[in-house]
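Chemist: Construct the complete structure from the given sequences, taking the supplied hints into account.
There are 2 protein chains.
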Amino acid sequence: MIRRLAVIGVGLIGGSLARALREAGAVEEVVGCGRGRENLEKAMALGVIDRYSHEVGEAVAGADMVFVGVPLGAVKGVFAAMRGRLAAGAVVTDGGSAKGSVVRDAEAVFGEVPPFFVPGHPIAGTERNGVEASFATLYRNRRVILTPLEGTDPEALARVRAMWEACGAEVAEMSVEHHDEVLAATSHLPHMLAFGLVDALARMKENDEIFRYAAGGFRDFTRIASSNPVMWRDICIANAGALSRMLSAFADEMKDLAESIARGDGDHLLEIFQRAKAARDRYIESLGEEE
Amino acid sequence: MIRRLAVIGVGLIGGSLARALREAGAVEEVVGCGRGRENLEKAMALGVIDRYSHEVGEAVAGADMVFVGVPLGAVKGVFAAMRGRLAAGAVVTDGGSAKGSVVRDAEAVFGEVPPFFVPGHPIAGTERNGVEASFATLYRNRRVILTPLEGTDPEALARVRAMWEACGAEVAEMSVEHHDEVLAATSHLPHMLAFGLVDALARMKENDEIFRYAAGGFRDFTRIASSNPVMWRDICIANAGALSRMLSAFADEMKDLAESIARGDGDHLLEIFQRAKAARDRYIESLGEEE
Numbered sequence: 001m002i003r004r005l006a007v008i009g010v011g012l013i014g015g016s017l018a019r020a021l022r023e024a025g026a027v028e029e030v031v032g033c034g035r036g037r038e039n040l041e042k043a044m045a046l047g048v049i050d051r052y053s054h055e056v057g058e059a060v061a062g063a064d065m066v067f068v069g070v071p072l073g074a075v076k077g078v079f080a081a082m083r084g085r086l087a088a089g090a091v092v093t094d095g096g097s098a099k100g101s102v103v104r105d106a107e108a109v110f111g112e113v114p115p116f117f118v119p120g121h122p123i124a125g126t127e128r129n130g131v132e133a134s135f136a137t138l139y140r141n142r143r144v145i146l147t148p149l150e151g152t153d154p155e156a157l158a159r160v161r162a163m164w165e166a167c168g169a170e171v172a173e174m175s176v177e178h179h180d181e182v183l184a185a186t187s188h189l190p191h192m193l194a195f196g197l198v199d200a201l202a203r204m205k206e207n208d209e210i211f212r213y214a215a216g217g218f219r220d221f222t223r224i225a226s227s228n229p230v231m232w233r234d235i236c237i238a239n240a241g242a243l244s245r246m247l248s249a250f251a252d253e254m255k256d257l258a259e260s261i262a263r264g265d266g267d268h269l270l271e272i273f274q275r276a277k278a279a280r281d282r283y284i285e286s287l288g289e290e291e
Numbered sequence: 001m002i003r004r005l006a007v008i009g010v011g012l013i014g015g016s017l018a019r020a021l022r023e024a025g026a027v028e029e030v031v032g033c034g035r036g037r038e039n040l041e042k043a044m045a046l047g048v049i050d051r052y053s054h055e056v057g058e059a060v061a062g063a064d065m066v067f068v069g070v071p072l073g074a075v076k077g078v079f080a081a082m083r084g085r086l087a088a089g090a091v092v093t094d095g096g097s098a099k100g101s102v103v104r105d106a107e108a109v110f111g112e113v114p115p116f117f118v119p120g121h122p123i124a125g126t127e128r129n130g131v132e133a134s135f136a137t138l139y140r141n142r143r144v145i146l147t148p149l150e151g152t153d154p155e156a157l158a159r160v161r162a163m164w165e166a167c168g169a170e171v172a173e174m175s176v177e178h179h180d181e182v183l184a185a186t187s188h189l190p191h192m193l194a195f196g197l198v199d200a201l202a203r204m205k206e207n208d209e210i211f212r213y214a215a216g217g218f219r220d221f222t223r224i225a226s227s228n229p230v231m232w233r234d235i236c237i238a239n240a241g242a243l244s245r246m247l248s249a250f251a252d253e254m255k256d257l258a259e260s261i262a263r264g265d266g267d268h269l270l271e272i273f274q275r276a277k278a279a280r281d282r283y284i285e286s287l288g289e290e291e
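For the record, the sequence lines run as chains G and Y. Residue numbers for the first sequence, in our numbering: 1 to 291. Residue numbers for the second sequence, in our numbering: 1 to 291.
Everything labelled a hint here was simulated from the structure, so no lab data went into it.
On the chain G side, residues computed to face chain Y include the following (Cβ under 10 Å): (1) Thr126; (2) Ile145; (3) His179; (4) Leu183; (5) Val198; (6) Asn207; (7) Phe221; (8) Thr222; (9) Pro229; (10) Leu270; (11) Lys277; (12) Ala278; (13) Asp281.
Covered by chain G, per the in silico footprint, the following chain Y stretches (three or more residues, Cβ under 8 Å): (14) 175-189; (15) 196-204; (16) 249-263; (17) 268-279.
Since we're looking at a predicted model, the values are computed, not measured. In this text, a Cβ means the ideal position worked out from N, Cα and C, and glycines have one as well.
Modeler: Take a look at the structure:
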């Protein structure tokens with residue numbers, strides 16, 4: 001049971017965490033923190049938080065669990081603002097989509113990654129933002145990856161794990177580096193392709209006509225291009241190493257594919273498409289849901 | 001009113017056309033044609049067709065409208081098989097996703113593109129195949145592009161247009177070349193990216209783990225990678241020129257993006273993402289539907 005949860009950044013991710021813990025009866029009090037008064041008032045009205053402060057230092061005072069749910073570019077500032085203001089025994093975790101940068105931010109602010117900090121990443125979300133978009137079941141049956149370091153306090157790790165399990169999530173642990181590679185492949189790279197494609201089409205002359213003839217598949221394929229641009233800029237910067245490597249390798253593969261198409265190498269194309277279809281069909285099957 | 005419609009290839013596209021025309025009361029008799037007995041029997045049982053033949057020449061006999069709904073790689077053979085077997089005054093159209101190759105096939109078989117042939121492309125479809133997947137409303141409010149040539153009989157064009165309008169579709173006309181450019185951008189390129197991404201991930205070691213941590217957006221983004229590989233191989237070969245050029249240009253842009261990420265050029269990234277989000281949001285708005 002969490003006595004007092006401080007949620008720094010009461011958006012989709014932080015708001016859904018608070019809602020889920022409340023619904024599970026796993027938290028007594030939730031203190032919100034953010035810059036925008038309007039969003040925090042909405043969070044109060046929706047019963048997501050009990051009270052709020054615009055000051056991180058004030059919000060974390062007396063909290064036994066602190067969740068940092070701000071864009072990656074803002075994490076360092078939040079760490080700096082909570083330094084020296086945390087209660088004894090407080091545990092801090094976060095929800096950032098890249099973990100290397102968060103660990104570097106913690107080192108920069110605290111001198112080393114504090115034992116009470118457990119880097120985390122819930123693999124869940126929608127293209128919508130803000131506390132109105134949050135809901136209690138966002139994490140149900142979703143995976144949460146924790147990336148503890150050598151110096152991480154096992155007790156802190158256990159408490160963060162229990163918190164996510166109370167939300168119905170399945171918790172896994174892996175190294176910071178491995179997390180950032182896996183997420184570059186499954187999330188960051190697809191977002192680059194979707195943003196890049198829509199941008200390329202938008203810059204074509206007659207782009208109105210281009211979009212007019214886009215078929216149904218285009219809508220699904222580009223859905224993630226409606227994601228928050230600032231958040232994604234931050235993710236790119238935070239996971240620059242793994243992401244730029246992977247994007248560059250993928251661009252090389254697309255060059256090869258363009259050449260296969262140009263020379264009419266149907267067998268090679270068929271091989272790629274069949275392997276891809278088989279892998280995607282397996283993936284959908286593994287979800288145990290109908291498409 | 002169509003007296004006898006011959007549908008060569010009774011799958012999602014041809015089957016849905018027959019169903020829509022029947023529902024509109026715009027056709028008297030539908031003759032199916034295909035290789036697989038099972039699919040054609042299913043089409044009979046579902047009431048999509050009235051009778052069938054495995055021979056194209058037999059199926060088109062006495063038909064006043066012929067729809068060719070086979071994979072692009074099979075179009076030429078179908079044209080060859082109907083040559084000399086069409087009724088006087090019969091109109092032929094098709095549903096191929098690339099038009100240049102279909103026109104070349106018609107030239108090769110008939111010596112020139114016959115006046116009674118109207119190349120067409122309904123911009124509609126799902127990732128499912130076969131007559132069971134067909135439905136009468138597939139074309140409702142969807143666009144159909146017709147690409148008549150200089151020698152196309154205006155009467156034939158008018159009849160094909162009327163056929164699609166009876167299905168509830170909105171019919172547009174453009175040149176063959178322009179069609180193939182537009183479709184390369186909005187459909188063929190996205191499919192290459194989706195197939196390419198899923199294949200790249202499937203070839204990574206620990207690919208099981210990679211897919212395990214894929215989030216919700218991944219599923220939508222890769223849906224089109226579950227499309228029919230043979231059909232897509234044919235489309236690539238048929239639209240090789242426009243598609244390979246566009247894919248190669250896109251790969252160059254992704255290289256640039258990888259470099260921007262590597263050097264941490266946040267302003268440039270933000271500009272791309274904002275432009276893309278704005279364009280996609282406009283696109284969704286233009287559909288007049290909720291996301």
